[in-house]
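Turn these sequences into a full structure, and let the hints steer you where they fit.
Protein chains: 4
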Amino acid sequence: MRLRHRRSPDHRHESEKPMTLDLAIRGGTVVTAADTMLCDVGIRDGRIVALGEDVGPSARSIDDAGLLVLPGGIDSHVHLDQFQGEGIVMADGFRSGTVSAAAGGNTCVIPFALQRRGESLRAAVEAYHAKAQGEALVDYSFHLIVTDPTPGVLGQELPALVKDGYSSFKVFMTYDDMVLSDRELLDVFAVAKAENALVMVHAEGFDSIRFMADGLEAEGKTAPAFHAAARPETVEREATHRAIALAELVGIPIMVVHVSGRDAIEQIEWARRRGLTVHAETCPQYLVLTADDLDRPGTEGAKFVCSPPPRDAASQAAVWRALAGGAFQTFSSDHCPFRYDDPAGKTGPAARASFRAVPNGIPGVAARLPILFSEGVVKGRITLQDFVALTATNHARLYGLYPRKGSIAIGADADIALWDPARRVTLTQDLMHHGSDYTPYEGLEVTGWPVTTLVRGRVVFDGGRATAEPGHGQFLPRGASGGA
Amino acid sequence: MRLRHRRSPDHRHESEKPMTLDLAIRGGTVVTAADTMLCDVGIRDGRIVALGEDVGPSARSIDDAGLLVLPGGIDSHVHLDQFQGEGIVMADGFRSGTVSAAAGGNTCVIPFALQRRGESLRAAVEAYHAKAQGEALVDYSFHLIVTDPTPGVLGQELPALVKDGYSSFKVFMTYDDMVLSDRELLDVFAVAKAENALVMVHAEGFDSIRFMADGLEAEGKTAPAFHAAARPETVEREATHRAIALAELVGIPIMVVHVSGRDAIEQIEWARRRGLTVHAETCPQYLVLTADDLDRPGTEGAKFVCSPPPRDAASQAAVWRALAGGAFQTFSSDHCPFRYDDPAGKTGPAARASFRAVPNGIPGVAARLPILFSEGVVKGRITLQDFVALTATNHARLYGLYPRKGSIAIGADADIALWDPARRVTLTQDLMHHGSDYTPYEGLEVTGWPVTTLVRGRVVFDGGRATAEPGHGQFLPRGASGGA
Amino acid sequence: MRLRHRRSPDHRHESEKPMTLDLAIRGGTVVTAADTMLCDVGIRDGRIVALGEDVGPSARSIDDAGLLVLPGGIDSHVHLDQFQGEGIVMADGFRSGTVSAAAGGNTCVIPFALQRRGESLRAAVEAYHAKAQGEALVDYSFHLIVTDPTPGVLGQELPALVKDGYSSFKVFMTYDDMVLSDRELLDVFAVAKAENALVMVHAEGFDSIRFMADGLEAEGKTAPAFHAAARPETVEREATHRAIALAELVGIPIMVVHVSGRDAIEQIEWARRRGLTVHAETCPQYLVLTADDLDRPGTEGAKFVCSPPPRDAASQAAVWRALAGGAFQTFSSDHCPFRYDDPAGKTGPAARASFRAVPNGIPGVAARLPILFSEGVVKGRITLQDFVALTATNHARLYGLYPRKGSIAIGADADIALWDPARRVTLTQDLMHHGSDYTPYEGLEVTGWPVTTLVRGRVVFDGGRATAEPGHGQFLPRGASGGA
Amino acid sequence: MRLRHRRSPDHRHESEKPMTLDLAIRGGTVVTAADTMLCDVGIRDGRIVALGEDVGPSARSIDDAGLLVLPGGIDSHVHLDQFQGEGIVMADGFRSGTVSAAAGGNTCVIPFALQRRGESLRAAVEAYHAKAQGEALVDYSFHLIVTDPTPGVLGQELPALVKDGYSSFKVFMTYDDMVLSDRELLDVFAVAKAENALVMVHAEGFDSIRFMADGLEAEGKTAPAFHAAARPETVEREATHRAIALAELVGIPIMVVHVSGRDAIEQIEWARRRGLTVHAETCPQYLVLTADDLDRPGTEGAKFVCSPPPRDAASQAAVWRALAGGAFQTFSSDHCPFRYDDPAGKTGPAARASFRAVPNGIPGVAARLPILFSEGVVKGRITLQDFVALTATNHARLYGLYPRKGSIAIGADADIALWDPARRVTLTQDLMHHGSDYTPYEGLEVTGWPVTTLVRGRVVFDGGRATAEPGHGQFLPRGASGGA
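If you read the protein sequences in the order shown, they are chains Y, Z, D and R.
Under the numbering used here, the first residue of the first sequence is numbered 1, with each subsequent residue one higher.
Under the numbering used here, the first residue of the second sequence is numbered 1001, with each subsequent residue one higher.
Under the numbering used here, the first residue of the third sequence is numbered 2001, with each subsequent residue one higher.
Under the numbering used here, the first residue of the fourth sequence is numbered 3001, with each subsequent residue one higher.
Which chain R residues stay away from chain D? Per the calculated CB distances, all over 10 Å, these:
#1 Ala-3130
#2 Leu-3154
#3 Asp-3176
#4 Ala-3313
#5 Gly-3443
#6 Asp-3462
One side of the interface only, derived from the structure: several residues of chain R facing chain Y at Cβ under 10 Å:
#7 Ser-3181
#8 Asp-3182
#9 Glu-3184
#10 Asp-3187
#11 Ala-3190
#12 Gly-3205
#13 Phe-3206
#14 Ser-3208
#15 Thr-3234
#16 Val-3235
#17 Glu-3238
#18 His-3241
#19 Leu-3246
#20 Glu-3248
#21 Trp-3270
Derived by calculation from the structure, the hints in this document are not laboratory data.
For every residue, glycine included, the Cβ atom is placed at its ideal position computed from N, Cα and C.
Here is the structure:
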């Protein structure tokens, strides 16, 4: 058994005169993945140092009677300023992306450092650091996207990067510029095993999609709705099964990201019954959108083009059932924002010609928590503890940020979302604070809203606007995955 | 969404001068179902009122550097002084049983109030209260065993008792004096639905066991080993499926207790994939004993006779897989103690004549936590958080004791086990402090041991002996099940 | 390996002058469970003695160019003149029932000899022989319905009756007058094991149905539609699982009759994957009727009251999938005819008061083959070979009539249905020739029709009318089950 | 409904004087996939024209009282004179291979015409015709192995070849020179759909095997036993799942060949429960060999190197369970013979250096029927009807040879194996008559043996030697698959 803990260096027992707190949050209901308790939170030096019925004097206080005091959301699946190919511009960099995150109650995001083929992975990491430098409002780290697992990448760069705090890799089973062969997947998995890193898998079958899409295009079926037809659940299911089998051969756990429906869930649960460790993530688009949204009139369906595509009501029900039953460890946004009314976005010339060229992704980092809280907790499908685990604690554990992040616990960073469980809000573009010119959740009514976001004890978003300077957010090197 | 919390009536904000603590536990590592944190615990009036790097002055202090501060174990499945039929004497009453519980790091037990056929359920409850009065060292509550669901029981007694804090019923699908017909099960389930009570099911098929046992006896197979042969996994699987189906008809969740192996687990997981709410419990005997133990020489196998019987290595592996994967909500002892070398016990005249008459049950309330900690946490099969959830938090939530019990949280009762994670101990009868004259786990080596047990802030067991008077333990009325 | 065959006593090799045939069927397409072949069929002494491109001279000939020459249907699940309780009259005795069978292309039926509680099983068999004596148009045998498994029945009567040719027992898991306890089921199963008899199980849970029906009646829900609501698939699934488990304990194969939908199929397929031998039967009502039919206006729904009730479109699809995939061994009618407009039938006074009193069963012996041929073979869901196996060969094998019955093979009885595969027919009451005053399949359009039925070489139904005298049908003692 | 039949052109009804038979087989027990009947078989012009108790005069007679008259085996999976790469020589061409087939009771084989990359498929077919011309003792056809699905192959050659009677393609998911990408598989599947051809899939994952084999070689693990370690069941399971998914996308049935164990069976049965049409084949090596055989001392393990490799006892049991339960449609040999003590064979220099270079395949065409008969029918695991279906009838149906081949039926070719069900034989190399210098089944004792083999009415093997000239065997163009 390995205990992990973290304590301030100046800790002393039984001090007669406790140090004054910098900040106390008083009167709220603190929620963790285990507990719900009416208590105050005492903060000093950006960390939580006291929980209690009365935490004593503090330099400043926030009285939040009636609010929930939640661990700030950790969104472990966001894409910021990531290279998307010629002529396409991602709508969020680290500045707007992290403002949007904070607006949605998040205190930490984990975007991706993408290796382009032919590029050094270390160089890619440095490039993404440069993009983030001085821009972030919330804390951040990087997953590594491996697209070119050369001997140098496998043998030197990846092991060194894991040691430097990049302890998770993402691999793709599709996309022209990113797909890895099964052999390459196995080679990356072997490095993950040796270095104790966690692999995230985008599980859709490249060849299957190309085959389906070619067939649809040959029939003139080029509207956004055919994006979903080109990637049926079978395509995701096959890749999920394959990824699990390859991981079984190597002997590693994997994280299957953005699981969309029944078929992939069936594979994941089957694997677990065999005793394999398969983590899984799902996203708001699989709870409140369906393939029908891609079939909205004109080009509007493009607003919902993401991969895997939203499915149908039966798969929504399956995702809820799995969420409630503990089959998913994390709930992320897969925030991948593009502009809609923009030549570099969803309705550019190529995008209008075929669904294949529609920039693939939707924004969601600000909407993630309200959607899950409202549809999940308020509607009684999941508990408050599930909510905290799915949106914060499990992300921190799985991606090596725990115990610094992910909970409201003594010694942890004071990353907190003050949450009004009763506030009724209609989701609109204005509330998202992201770089996209739309939100796919426009008009969705939710109950529950993040009113104030604190990162390391500092209020970074409040009253509908950012209240700290870009650059408050810090880079977080990460340790090994701690399970969930 | 319903928030549940509990706060002392005299709570005030920002008191300049905090009230002095009655007790502080300093320097330990506090563990909850969500978190592990190095911090002090402040206790006042029997409740936890502060967690912090420094909780300030206290009347008394325990310094437990290096120890874990765990929520005291809740054992929601123990039998104490329960009527067993003529000539058989249960080895523990409330006094010795709760001393044994405290010796094993438990702070709360939930034994059963057994209705005998023809008896009023209310009368049964009163009788068990009388047995417990002034005897218990740790807190306790009662599940109701319904053996005679007359119209009066169904229509008046059960609804009234639920309102009085007896919010869980246990029903048996076997045993001459307790078995309910399917119709009776359905009728009890319907009351549970109406009253929002939780039903615990002993799932073994009565007729199947009689058929098997009759056949074995007819062949002269009467040794204790045939107890296991008379109750193969098929018998448990069938009853588990049946109980799930009946609960589905009524529309209630159920708790399947003492799940022993692969077959029953398969049914439970299958039901959940269909969207049914089925809780499940397992016990130490299904992790570290097998049917081979019942086949020990002479009458020694009788020491291991319990129902369902321990299975084989493959089922042990299945139980571990399910424990690690979250398939079980609770881990209990099913403490049901008899003496071995005693005419009223395991080797009485009738018991020697046939396995059918061997008093059915084994002691385990003191061994439960050390076994799961050592075999589970120390061997890396489950996490510390899993351990706490399985032994305390989930019991409290499922049986309506949360948030008063089950966690180390502000406002909760100061029910705590101070745990030495490194102590190596060989389990022996002497360490159990129970009324049985043996332990089925004799000789098992474990790592990790409860060194001190506190109930509502009072040390009740320490240094190998009880340190509070019988009667310190209080009766706990319980509310509705809160899921797990 | 055991070869089974049957040959006429006067067989000689290489006779220079073959004996003249009594009858030759020329120009048709002979179909067996394995083959489809254009050939003549030569018949002598009621048996098939030649198949060939030219079978040589014959006393009489039938030229059936363009027709299929099918093994006559064997309906192994029909109820004729069976006691139904006071005030209810079954609409078919052996005379009308076997005329209806012959009208539908059947040459053999296996009705039931029902033991009433308190009655000797041998006496029951004799009573049913008396009912059949001189009445039957097609051959027949009897399954035994065991309702009172006394020691005498289990120890003497059943073993003796199996030896006398009654090699299959039916047991009921529901119905007031017939339900067996699990223990009784096990005891009957044990006799089946000892005597190598096959047990047919009506798998619906008695207590569950009573509970559901009581609840519905208490709410005033008494219309025929509530018959289906009182017996949801869960009730059938639970009993199916239970029956399989009990059979597993004893170590016998079982036949689950009239499987209605998804849930029971799932259990059966699951059991087979475990290696258990579970045979299964389905019926036309589960292919072309649904629970909506029970909800027809007024009392008309009573016409469709049978058990298990027809389900929904999804279960119909599941039954077809299972039929095509080989999951069912037999397709029977469960012919259980009552009159509709009759005080002793579906709309008697008690029946009008509650669905519980509606005589439970529907006619179908004449409609079975046309429905499966049209919906199955003509629509391409199953092959001609599947059709023959499901309607004749497998019945003969499973119930010990093979090789005398069930195929078109040298040495077999000349039991033949001449079938026009192209004839389009609308099913109507007039075509059924049964004692009911309605058919639940009224108006169903089918393609394919039996034009002539021969039993042991004698044309018994042709041109829409019986062409042999009652009494042509003979009783068939049966041997052990031969699998399917 | 489509009826298929075949009749001689000179057929007339009621001829007063039937034409004399060329040959009659008298006194045997004829077995088909449906029936077992004691009768004579009349043969004229190479076809079966009469079955009867007495088929009348014949020019010649075989009296086989006591023998079974079985449809000659069809082995739809044999490799003859197939290109294997430089330095490796296959041990059987069409002459020795078909003598071995006849020795084992087979009357028809379907070897492969292999397209080499860069080669025209039509040219490949012609090359294999040249190899077979004048050499074959039994009838034969060709499956097409597609290794280079160029536009010309997909667009012109395959459609034309299907029309010419090559109605089945085999595709490989592994092997350097044959593996197709998923996209190529999909493209071939699409042609199969358009042309109504059946695709056979070798389902093992190429990249997975390379990864595993590289790892083993890197550790110096080069002995034959590591062939099995390099291809665990997971590798076959993944490819099986993938092949099924790709076929689902296109909407075609597939045939998964040489299924070796539990994991692949699980996938196939799962797919069928979803309603997909997946045919499956297994082989004797998965019934009577295990991976332990590859670990025999020295190089002897090389005698058992084939792919997928034999597994373990649990997988053998699973294959038997599936065979008995109808999960397999065909039982083939996958005859792929090499010499053992030969530089061009199993112990050549490269083969001695690493398991990867051991010629991959084992002989079995002569042993297939005796092994299944003895282990299956004689030991009571399957019926005689199963045996005939698995070894003859289903092959004919699935691969478009029915009704000409595959049964003993009027109009069918007189392809017959006269089988002594009681003869006890120890399998030895001498009995195999193949080109290999060993048999992997050496020493296996079987009960049941083919004593005489007739192809189109001509005795081609009898008394332990070929009795017809090479060239008696004819090429068979094939029609569309008829299901099984």
